[in-house]
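If you want the building blocks of each chain, they are given just below.
Protein chains: 2
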Amino acid sequence: MFKFEILHRSQKSRARVGRIHTPHGMIDTPNFVAVGTNGTLKALDNHMVDSIGLQLMFCNTYHLLLQPGTDVVKRAGGLHRFIHRKMPIITDSGGFQVFSLAYGSVASELKSSGAKKHDGHVLKITEDGVLFRSYRDGKLILLTPESSIQAQKDLGADIIIPFDELPPYHISYDKLKASLERTHRWEKRSLDEHLKNPQNQAMYAVIHGGVDPEFRKQSCDFLSRLPFDGFAIGGSLGKTKPEMFEMLKTLLPRMPEEKPNHLLGIGDLESLDLCVPLGIDTFDSSYPTRAARHGLLLTSEGGLKVLKKEMANHFAPIEHDCTCWTCKHFTLAYLHHLFKANELTAYTLATVHNLHFMVELMRKIRESILSDQI
Amino acid sequence: MFKFEILHRSQKSRARVGRIHTPHGMIDTPNFVAVGTNGTLKALDNHMVDSIGLQLMFCNTYHLLLQPGTDVVKRAGGLHRFIHRKMPIITDSGGFQVFSLAYGSVASELKSSGAKKHDGHVLKITEDGVLFRSYRDGKLILLTPESSIQAQKDLGADIIIPFDELPPYHISYDKLKASLERTHRWEKRSLDEHLKNPQNQAMYAVIHGGVDPEFRKQSCDFLSRLPFDGFAIGGSLGKTKPEMFEMLKTLLPRMPEEKPNHLLGIGDLESLDLCVPLGIDTFDSSYPTRAARHGLLLTSEGGLKVLKKEMANHFAPIEHDCTCWTCKHFTLAYLHHLFKANELTAYTLATVHNLHFMVELMRKIRESILSDQI
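The listed protein sequences derive, respectively, from chains A and B. Take the first sequence: its letter number 90 is residue 90 in my numbering, and every next letter is one higher. Just remember that my numbering sits 1000 ahead of the position in the second sequence, which is counted from 1.
Excised from the complex, chain A in its bound form (with noise of 0.2 angstroms):
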């Protein structure tokens, strides 16, 4: 079921323009993935997010193992039918949150000098996969390559992850090669057990190797020669959005090019303007989402700030020709009003339109490459 087509190459880059089909349809590319850990959006109910024409949407495996508990999603009939979900879903394996609660987030990693310890409720990680403690009922939780598929089987998104590790940004030479070489274990093994019972999901190697370009070249070599539906590229790729692109640039024309290449977790409006032209193909990030929900609406001409004063007498929409729910029905002196009053309504508007802008925004640079001006 699960298909990647190459409809057009730019001449001016490396960007293409495809489509990928799946069991619950086709994802246009390159597009924007929106995240919705617990199986909803924030503020958005799924029903409208439909109706924005988000295409692929990310759900956190980690999250939903926890809450509701896979179980009781499969029981549901999957997460399609459990959240009410007609297109595509994206889930990832685990592994990036419990290594997160093990080493710390990426971003404050990332400005910390790697000096501090972050022990969370992660007990002991081992060859065989990571015990953590659940932050909600304190339940011991064995993460595994095996047991990460099994709840995305039950999951049943249509594009799964393979379990591995996020190593931190502060890690010595042998601790990298020694981490790499374990996650290409883990993802070998994740593999093996998605295949024994494939369901018509597809799955996505994650290609690590921090910010070490020899590295990434044998994730990507080795994870190339095992039969992956497509590629992620996953863990830290540099401190700042030059030292990423450089990476990429190296990346990407070693990887294979009949198959989807996925950024993992980076999507802000920046890094779409400078990987597109690399060649990927799929971006997930909350980025646009929680914006919305602080007040900056994304427009054409740049965020917009919606509690800054002048916003207070704008009887107009948040972009005049924007055909957005929000935009159609609602004037930006009322979404200030509502972001000052503090009403939930506001963080439901301003996400309706910065989740609109982002598919309008693909679908345009989908335009720009199939004339060649990216």
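Hints were generated in silico from the structure; no laboratory data involved. Careful, some of the hints might be misleading.
Simulated crosslink set (EDC-like; lysine to aspartate or glutamate; CA at most 20 angstroms straight-line) [said to hold, decoys possible]:
#, chain 1, residue 1, chain 2, residue 2
1, A, K328, B, D1050
2, A, K309, B, D1071
3, B, K1308, A, D71
4, B, K1308, A, D137
5, A, K241, A, D268
Got chain A; can you put chain B on it based on the hints?
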């Protein structure tokens, strides 16, 4: 433009089925009026509220005066345009809130012995009006019968309310008498101010008199002689529902039969059952929307606590025959999960259901009156 017609009087009680015609359409009575303090129901956008069929929405002048300011709403073209609501709106005078600042809220005051002081931000109460300090920006605001009506002219609701004093429950006979007399003078001043420029708005008098039946009668008689378009019953009606019931039972037969009656701030299910047979036409309350946010779902078989453990695996709608957006698309198990995960979407979906429930309940109540069962 404003007109009240009675279509049917029950043979069993004083209940009646009617229609209030306003510049923004009709309100079938008896009906429930949802509270959208700041110009939005909490967690619902007004377009959704329309589609649920809520015919009358209550907005608070006090809150809108402080944020965004009634001048902003006026510049937007009035409250309907500002909040994008096509159906009727009722606003109050702000009196309830400023006197709650001064004396404490009705609820908290009922529980106390009356000894508590609530100076709040009220600086002075005189014959002219109430001087208070905005909790938002510290600005001094003088709310008088005239300024309250001017604010309500700026807002442009279909039904407006004269400025009144909310006397505390714990009050001496003499003080209650003085308060009532001043309220009557204030209501008369409000009406005079309103009639200078009716702007197609209707004004409901507010009957006061606290828990003293004689004062209530006096209030009813005094206000009935003035050309108000309808009547609201305000202030404390007693400590318990039976006390409220007794008071309303003696009061309502005294009120002009051909005008609509509104019960201020009371709209829980038990009170609806008690008061519809007495002839109350409209009820405003934040109960169903607040209950929703606390995970209490209204059903024909009583309140259902969504956070109860057994809901986790309930893969069916809240009510199988409910036609609301939430029940049509989502299961109780999913709602339970969203509440457990503290997702904002939970509040939206629960509010949609509870509001739809109230709209349907009132429709059924009207049907029962039409067939003389109530």
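Here is how each hint holds up against the structure:
1. A:K328 / B:D1050: Cα-Cα ~15 angstroms, so holds.
2. A:K309 / B:D1071: holds, 15 angstroms
3. B:K1308 / A:D71: holds, 18 angstroms
4. B:K1308 / A:D137: holds, 16 angstroms
5. A:K241 / A:D268: Cα-Cα ~11 angstroms, so holds.
The structure shown violates none of the earlier numbered hints.
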